[in-house]
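A.B. asks: For reference, the chains in residue letters:
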Amino acid sequence: MLHLGLFFTGVGPQLIWTAPDFADHTHIDTFVATAKTLERGLFDAFFLGEGLRVRENRGRVYDLDVAGRPDAITQLAALAAETTHLGLVATQNTTYNFPADLARRLASLDVVSGGRAGWNIVTTDNAWTGENFRHGGWLEHSRRYERADAFVTAARALWAGSRYAKHDDLIDIDAPPTVAARPVLFQAGDSPGGRDLAARHADVVFSANTDYDKAAAYATDLRARLAGYGRSPDAVRILPGAMVVLGDTPAEAAEKAEWIQREQTTGPRAIAFLEQYWGKDLSGYDPDGPLPDIEPAEGELDPSRGTIPIEFRTGKLERIASWRALGLSIRETVIQVTPRHNAFVGTPGQIADEWTRYHDDHVVDGFNILPQQLPGTIEDIVDKLVPELQERGLYRTAYTGTTLREHLELP
Amino acid sequence: MIHVALELGSLDIEDAEKAGFAFVTIANDGPIEAGVRAAYLSRRTSTIGLAPELHVTVTEPFHLATQLASLDHASLGRAGWVVGAVNTPSAYAAVGGTPLAGDDLRREIEDVIDVARLLWHSWEDDAVIRDVGSGRFLDADRVHHVNFTGARFSVVGPLITPRPPQGQIVVIGADTLGVTGRLDVALIDAPTHDELVERSAQARADGARLIFAEVEVDDPAPVRARLDRLEGIVDGVRLHLTGATPGLAPVIDALGPRPPAGSTLRETLGLPQGG
Numbered sequence: 001m002l003h004l005g006l007f008f009t010g011v012g013p014q015l016i017w018t019a020p021d022f023a024d025h026t027h028i029d030t031f032v033a034t035a036k037t038l039e040r041g042l043f044d045a046f047f048l049g050e051g052l053r054v055r056e057n058r059g060r061v062y063d064l065d066v067a068g069r070p071d072a073i074t075q076l077a078a079l080a081a082e083t084t085h086l087g088l089v090a091t092q093n094t095t096y097n098f099p100a101d102l103a104r105r106l107a108s109l110d111v112v113s114g115g116r117a118g119w120n121i122v123t124t125d126n127a128w129t130g131e132n133f134r135h136g137g138w139l140e141h142s143r144r145y146e147r148a149d150a151f152v153t154a155a156r157a158l159w160a161g162s163r164y165a166k167h168d169d170l171i172d173i174d175a176p177p178t179v180a181a182r183p184v185l186f187q188a189g190d191s192p193g194g195r196d197l198a199a200r201h202a203d204v205v206f207s208a209n210t211d212y213d214k215a216a217a218y219a220t221d222l223r224a225r226l227a228g229y230g231r232s233p234d235a236v237r238i239l240p241g242a243m244v245v246l247g248d249t250p251a252e253a254a255e256k257a258e259w260i261q262r263e264q265t266t267g268p269r270a271i272a273f274l275e276q277y278w279g280k281d282l283s284g285y286d287p288d289g290p291l292p293d294i295e296p297a298e299g300e301l302d303p304s305r306g307t308i309p310i311e312f313r314t315g316k317l318e319r320i321a322s323w324r325a326l327g328l329s330i331r332e333t334v335i336q337v338t339p340r341h342n343a344f345v346g347t348p349g350q351i352a353d354e355w356t357r358y359h360d361d362h363v364v365d366g367f368n369i370l371p372q373q374l375p376g377t378i379e380d381i382v383d384k385l386v387p388e389l390q391e392r393g394l395y396r397t398a399y400t401g402t403t404l405r406e407h408l409e410l411p
Numbered sequence: 001m002i003h004v005a006l007e008l009g010s011l012d013i014e015d016a017e018k019a020g021f022a023f024v025t026i027a028n029d030g031p032i033e034a035g036v037r038a039a040y041l042s043r044r045t046s047t048i049g050l051a052p053e054l055h056v057t058v059t060e061p062f063h064l065a066t067q068l069a070s071l072d073h074a075s076l077g078r079a080g081w082v083v084g085a086v087n088t089p090s091a092y093a094a095v096g097g098t099p100l101a102g103d104d105l106r107r108e109i110e111d112v113i114d115v116a117r118l119l120w121h122s123w124e125d126d127a128v129i130r131d132v133g134s135g136r137f138l139d140a141d142r143v144h145h146v147n148f149t150g151a152r153f154s155v156v157g158p159l160i161t162p163r164p165p166q167g168q169i170v171v172i173g174a175d176t177l178g179v180t181g182r183l184d185v186a187l188i189d190a191p192t193h194d195e196l197v198e199r200s201a202q203a204r205a206d207g208a209r210l211i212f213a214e215v216e217v218d219d220p221a222p223v224r225a226r227l228d229r230l231e232g233i234v235d236g237v238r239l240h241l242t243g244a245t246p247g248l249a250p251v252i253d254a255l256g257p258r259p260p261a262g263s264t265l266r267e268t269l270g271l272p273q274g275g
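The listed protein sequences derive, respectively, from chains A and B. The opening residue of the first sequence carries number 1 in the UniProt record's numbering; numbering runs sequentially from there. The opening residue of the second sequence carries number 1 in the UniProt record's numbering; numbering runs sequentially from there.
Hints listed in this document are in silico derivations from the structure and should not be mistaken for laboratory results. On a predicted model such as this, the values are computed, not experimentally measured, just so you know. Idealized CB from N, CA, C, for every residue including glycine. Honestly, I wouldn't trust all of these hints.
[Unchecked claim] Incomplete in silico selection of chain B near chain A, CB under 8 angstroms:
#1 A93
#2 G157
#3 R204
Excised from the complex, chain A in its bound form (with noise of 0.2 angstroms):
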């Protein structure tokens, strides 16, 4: 069977604003709306991203792509007293939280929803974040999936109903147990430490990792990790994030996902996403014209955008030489190059046969859907796309659970 999650980010360019019937993706009322269509969907769970500093560009709050969120387990909690199946996944972070407060709210939110509760285990590695913080900075990249190791498995502990303590310089606590409880644990972090911990403590993982021959690849590499920490190949649910892109006729779709792609890259965006890489103002650039003629600054990328892969933030030189050897404008440029996660574009029954691909071929357990429009990404795949999966027998038809793990069909 595959599993379906959606993943609320709440910032970034993917969610287009521009359209008429954008609903305010900040408001209580989408929030519970957008809940309330994936139960009817039979939808596993919904997932809220996290980041704890608002983007910014040169320095000043980037104002093009949407911005502004709840914090995520507050905002779970109200929507556990408006459902009564879907899973409610927090993203939280493992170096800006105290793994004993961390470890309560999650607990607190898995019985108020009645189990229904997971986290999205992330680190933030940089010193930009850390500024809203007490220790902020403290911890250096490489040594971030240690502490995150470190975290998690204290809160395992205060679950399983143990007193904890350790004193080192990862990690400092002497905390009583929560209430019991056993929230599901999602790890998204592609880098090997991110693997490795997904192998020692995940339930499911949320990976990059999209295209056929990707997955593939992931699903071999994190079986493997598994067997390392003696786990078996099927403990762990494999869940990409996916952009779906729906039309009545492949033309349709695909029309749609060309007109999705334009308005996430906008003029004004291209220019900033060629800014933090240039490290200067370049708006006097025409987006339709080629790059811009100057040299970059000297140094590296800031990260105050917040959504630069690791690979991307040093070699810049390079990278922006090899831009301008495609020779395209500016705007064309910045489409071509921006990483995202692979779409599946098409009518709903080509997307449910490339699906049952996946399936058949164990390559995926399911997908997390990254939503390009609010609310109609959701409402089209729910009363669209799960009609079709459920006709190919990949799909419940109804919940026979009312826990996440159960859903997930995990033990």
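The hints should help you fit chain B onto chain A, whose structure is shown.
C.D. replies: Here is chain B on its own, set in the frame of chain A:
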């Protein structure tokens, strides 16, 4: 008529709402973390205020401000905050630290209240402009860094959460915290009527906007007379039902009908909108 609030304990929120309490407070000593419980209850209610106790000492101020702003969004403007300041070795051991001495503790409480208030105002009301022509979702000039530096921490901001519906969450705390001038509601737990009168006058002089007396209820019958006697001295009471009280129903009967709630907790309490 004076306001009546209730420490919720294990009582039923829907009964409390029907009875017309202005708000409930939720102590952070139960199995369920108070902020999570308040958020859950926010969608089981529509008019009553919800004020979880969150401790300034053993949390991240940025998370605390975000959680309370989010509670205000989820409840459409009914969030309050009971300022907790647990200062025991065991509470600190959980997060790695040691208790603070008197003046340091008071300064820490001040700093966390101050930074929370700054963060709640870090997004202006009209920061989201959705200007399709220029491609700007936000007006960057209306979302501000707070650049707060306290004695023991600093926060750059802005909050990740847009301005809460009330603008400012209702800040509630004991007059003994030493930060009365920063409180919307000062709670006074006085052993005698005379001391209550004296401390109430002091709290008003110190700048508290509203004064609430802490009232323990073990026999519901005299509650009404007790409240009548407090009229003119305090603005409200917070009731704590003791184990001897036979549930909420007789207390509600004794109180009689309550005034209707406003559309936000600030409005219910007659506090200026937006703080």
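A.B. asks: For every hint, state whether the structure bears it out.
C.D. replies: To see whether the hints hold, each was checked on the structure:
no., hint, verdict
1, A93, "4 angstroms, holds"
2, G157, "7 angstroms, holds"
3, R204, "33 angstroms, violated"
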